[in-house]
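Starting from the known structure of chain X, fit chain Z onto it as the hints suggest.
2 protein chains.
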Amino acid sequence: MPNTALDQAALSQLFLDAHTHNAWQNKPIPEALLHQLYDLLRMAPTSANCSPARIVFVQSQASKEKLMPALMEGNRAKTMAAPATAIIGYDLHFYDQLGKLFPNAPDAASWFNKDEQTAFTNAFRNGSLQGGYLLLAARALGLDCGPMSGFDNKQVDELFFAGTNVKSNFICNLGYGDPKGVYPRNPRLSFDEACRIV
Amino acid sequence: MPNTALDQAALSQLFLDAHTHNAWQNKPIPEALLHQLYDLLRMAPTSANCSPARIVFVQSQASKEKLMPALMEGNRAKTMAAPATAIIGYDLHFYDQLGKLFPNAPDAASWFNKDEQTAFTNAFRNGSLQGGYLLLAARALGLDCGPMSGFDNKQVDELFFAGTNVKSNFICNLGYGDPKGVYPRNPRLSFDEACRIV
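Protein chains in written order, with our numbering: chain X, 1 to 198; chain Z, 1 to 198.
Just chain X, with the same shape it has in the complex:
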């Protein structure tokens, strides 16, 4: 059966009425919901199913405190208050998984690992796509998001990805937002400013 548009309430929840949140209710995220979040986002497409995103969900007080010094001052208090903080990284050696992820092309790793620039470009592009999927999957599950890139990537890599080929991309607080922490909506570019039809 062909798909039709989701109803207006769903479009509002995902896009039109959703806002970045900066204050959080004291309401935890059950571990099962983090699994459900990942089970949604992993299904959305990446190049040759390469799936480079690697995610650390920071929940414990001790791990939150470990993360704090790497964040810009203005991002600290709200991150301590969020029930979970996702560090979205990308694995520069993602191609080592392609035997499992893209079994119909046994040479798929060679499309990506021929040089560091190609590996980086594909890891960063697809890891960022998966970051976008995470944000919208969270909203689809009724969670609110507070994404941030105001932190020291190198420091986060040392703290959370030492000894791996994973690099941090961006960070996203997750939870149930307190509307008092929402800022007024900023303008967006019009269709004609950002798009054309040819």
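I should point out that these hints are in silico values taken from the structure, not numbers from a laboratory.
Note that this is a predicted model, so its numbers are computed, not measured.
It is possible that part of the hints are untrue.
The list treats identical chains as interchangeable, and a pair is accepted whether it falls inside one copy or across any two copies.
Derived lysine-lysine pairs resembling DSBU-like cross-links, with alpha carbons at most 30 Å apart [what the hints assert, rightly or not]:
| hint | residue 1 | residue 2 |
| --- | --- | --- |
| 1 | LYS100 | LYS78 |
| 2 | LYS154 | LYS180 |
| 3 | LYS180 | LYS100 |
| 4 | LYS64 | LYS100 |
| 5 | LYS114 | LYS78 |
| 6 | LYS64 | LYS27 |
| 7 | LYS66 | LYS180 |
| 8 | LYS167 | LYS180 |
| 9 | LYS114 | LYS180 |
| 10 | LYS64 | LYS154 |
Okay, now just chain Z, sitting in the frame of chain X:
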């Protein structure tokens, strides 16, 4: 009112049952639907609302034929058949729009334009996030997607973004898919392979 999870049908349409499409019904996409697509995706978050994505919707026969030589052989026939092909690019000079997009911080451009690497990283990260939003917004509107990175970025830039600071990121066919062109689902990484909770 707090959000709750979307119903199972919506989660299936967005993530769980959605597939990349390779064959297309002969059913056009009205221009109003492309506007609706952009009006959804533009609302999802980017760093300081920087909104670097620039999109060309290739619909005419002449523009499709212009694009063809830049695509890998295996991507040509299906792209000719798709009712629309979105070229998702990112503007390396996105910071020139921040006066409009982030008016509460008059110095916001200086966060991004201090060097080329910083501008590139933020354009590519946020432009890719917006590409992910485009894919899921299309599915939310009942459209099917066929994303591709198998093309010559430099050639596409010369053909469609000459004289600008926009660079192509990836390409996505849009339309109403023919299920006969769907490949079997590839495996995904498990939660424990891609995530941890700390």
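Verification of the supplied hints:
Within a single copy, LYS100 and LYS78 get their C-alpha atoms only as close as 39 Å, which misses the 30 Å cut-off; across copies the closest is 26 Å, which meets it. In this assembly of identical chains, LYS154 and LYS180 lie within 30 Å of each other by CA distance neither inside one copy nor across copies; the values are 32 Å within and 46 Å between. In the homo-oligomer, the alpha carbons of LYS180 and LYS100 lie at most 30 Å apart only across protomers (24 Å), although the nearest pairing inside one protomer, at 46 Å, exceeds that limit. With identical chains, the CA atoms of LYS64 and LYS100 are never at most 30 Å apart, being 33 Å at best within one copy and 35 Å at best between copies.
In this assembly of identical chains, the alpha carbons of LYS114 and LYS78 lie at most 30 Å apart only when taken from different copies (27 Å versus 42 Å within one copy). For the homomeric pair LYS64 and LYS27, the shortest alpha-carbon distance inside one copy (16 Å) is at most 30 Å, but the shortest distance between copies (51 Å) is not. For the identical chains of this complex, LYS66 and LYS180 are intra-copy neighbours only, at 27 Å inside a copy versus 50 Å across copies, given an alpha-carbon limit of 30 Å. Within a single copy, LYS167 and LYS180 get their C-alpha atoms no closer than 33 Å, and across copies no closer than 38 Å, so neither meets the 30 Å cut-off.
Taking CA atoms no more than 30 Å apart as the test, LYS114 paired with LYS180 passes in neither setting, with 50 Å inside one copy and 34 Å between copies. For a Cα distance limit of 30 Å, the shortest separation of LYS64 from LYS154 inside one copy, 17 Å, qualifies, whereas the shortest one across copies, 43 Å, does not.
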